[in-house]
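A.B. asks: So you can see what is in the structure, the chains are spelled out below.
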Amino acid sequence: MYYFDPHIHMVSRTTDDYATLARMGCVAVSEPAFWAGFDRGSVDSFRDYFHQLTDFERRRAAQFGIQHFTWLCINAKEAENVELSREVIAMIPEFLDEPGVLGIGEIGLNKNTRNEAQIFLEHLDLAVQFDQPILIHTPHLEDKYLGTRMILDMLTSDHRIDTDRVLVDHVEEHTVADVLKDGFWAGMTLYPVTKCTPQRAADIIEVHGPERLLVNSAGDWGPSKPTAVPDFIFEMRQRGHAESVIRRVVYENPIEFFSQSSNFDYRAPDEEAVVTN
Amino acid sequence: METSATQILDREFLELRARILELAASFDRVERAQGTVEGDQRWDLLQQGLEVLLGSQEERARAVQLLFSLSYDPDWREKYGLSGNVSNG
Chain A
20 MYYFDPHIHM
30 VSRTTDDYAT
40 LARMGCVAVS
50 EPAFWAGFDR
60 GSVDSFRDYF
70 HQLTDFERRR
80 AAQFGIQHFT
90 WLCINAKEAE
100 NVELSREVIA
110 MIPEFLDEPG
120 VLGIGEIGLN
130 KNTRNEAQIF
140 LEHLDLAVQF
150 DQPILIHTPH
160 LEDKYLGTRM
170 ILDMLTSDHR
180 IDTDRVLVDH
190 VEEHTVADVL
200 KDGFWAGMTL
210 YPVTKCTPQR
220 AADIIEVHGP
230 ERLLVNSAGD
240 WGPSKPTAVP
250 DFIFEMRQRG
260 HAESVIRRVV
270 YENPIEFFSQ
280 SSNFDYRAPD
290 EEAVVTN
Chain B
4 METSATQILD
14 REFLELRARI
24 LELAASFDRV
34 ERAQGTVEGD
44 QRWDLLQQGL
54 EVLLGSQEER
64 ARAVQLLFSL
74 SYDPDWREKY
84 GLSGNVSNG
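Line by line, the protein sequences are chains A and B.
Heads up: the first sequence at position 84 corresponds to 103 in our numbering, and the numbers run straight through without jumps.
Heads up: the second sequence at position 11 corresponds to 14 in our numbering, and the numbers run straight through without jumps.
To be clear, the hints were calculated from the coordinates, so they are not data collected in a lab.
The reader is advised that the hints may include incorrect statements.
In silico lysine-lysine, DSSO-like type, Cα no more than 27 Å apart, as pairs [as the list claims (entries may be wrong)]: (1) Lys96(A) / Lys82(B); (2) Lys130(A) / Lys200(A); (3) Lys130(A) / Lys96(A); (4) Lys130(A) / Lys244(A); (5) Lys130(A) / Lys82(B); (6) Lys244(A) / Lys96(A).
Sequences are here, hints too, so could you generate the full structure?
C.D. replies: Okay, structure coming up:
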């Protein structure tokens, strides 16, 4: 089965991981901008990072038949530096017309501070100003419930925001219902220990149905498994779910959501076949 | 997709048994060590989490998640001074 990993940080992964993903059926990835593991010191550092996301990674993925898409922002961990955050937000439009740039993300909250909320709101302004879809990071562990509710408050009180064009990621059992109820898309991150497992993601599909739900690996530089989406596919098959339901979650839903971006030039592998005599 | 409760138990019994053993061994390990964790809020939360599992309520996973979560304050925007519709400022 072809699948799409809608949230994976390939800059942190090896080229061998691209080969493994391709062998397991991955045909496309979307890579949100995120924290590098350390706080960057200047806007030029982000400019270089965005160049890596929009150029180098796209070419590296293409070597394995994987189409690479990306999202741009300054992440919540670095939003405490408000001055730098505003410089980055002002620079992002330089890249919005680059091929494969799908929107603004992953914006959100980390420790649910005032500065994080302020910079989140300013990212929303940017997305509205440039008519961009939005991909949202929700906090970890004990901060997730509070942070998700704060994020939903900010989104739903802004009448400029089109809920169809917002994906709220890293949902779990205690946040998924609120996100879907408010009309947003929701992503489940299959991440050891701190987020969701393939088994619990399958449970959430069984409880809430496959509509507007995506699964991703969020593979990055920390403990994570870039092939977690195939693990989810296997779990769903073990439980006897129809292939059509699995395909909807791992392939059709990401494509439906991402198709709202003007830069989403995805072509299914069977459409790319070229016969030459 | 119609899977019976017995079929799910057949499939998951050994894994659940192993997880309970891991919990038991972890609790033993803490109690065998020097010092005490009595009064540590994390220890209290773990005890409460076990009680959720033994309860009869639905959506145990959601209840455990909320147990380990900070509470939501609907007035957070006012407290942060971010109550206006205009975000910049």
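A.B. asks: Confirm or reject each hint.
C.D. replies: Taking the hints in turn, this is what the structure says about them:
1. At roughly 21 Å between alpha-carbon atoms, lysine 96(A) and lysine 82(B) fall within 27 Å of each other, so this suggested pair holds.
2. Under the criterion of a C-alpha separation no larger than 27 Å, the hint pairing lysine 130(A) with lysine 200(A) is consistent with the structure, at around 24 Å.
3. Of the supplied pair hints, the one linking lysine 130(A) and lysine 96(A) holds, its CA atoms being roughly 8 Å apart against a limit of 27 Å.
4. With a C-alpha separation of about 24 Å, the suggested pair lysine 130(A) and lysine 244(A) falls inside the 27 Å cut-off, and the hint holds.
5. About 16 Å separates the Cα atoms of lysine 130(A) and lysine 82(B), which keeps this hinted pair within 27 Å; it holds.
6. At most 27 Å may separate the alpha-carbon atoms for a hinted pair to count; lysine 244(A) and lysine 96(A) meet this at roughly 22 Å.
Going down the numbered hints, you'll see the structure goes against none, and every one checks out.
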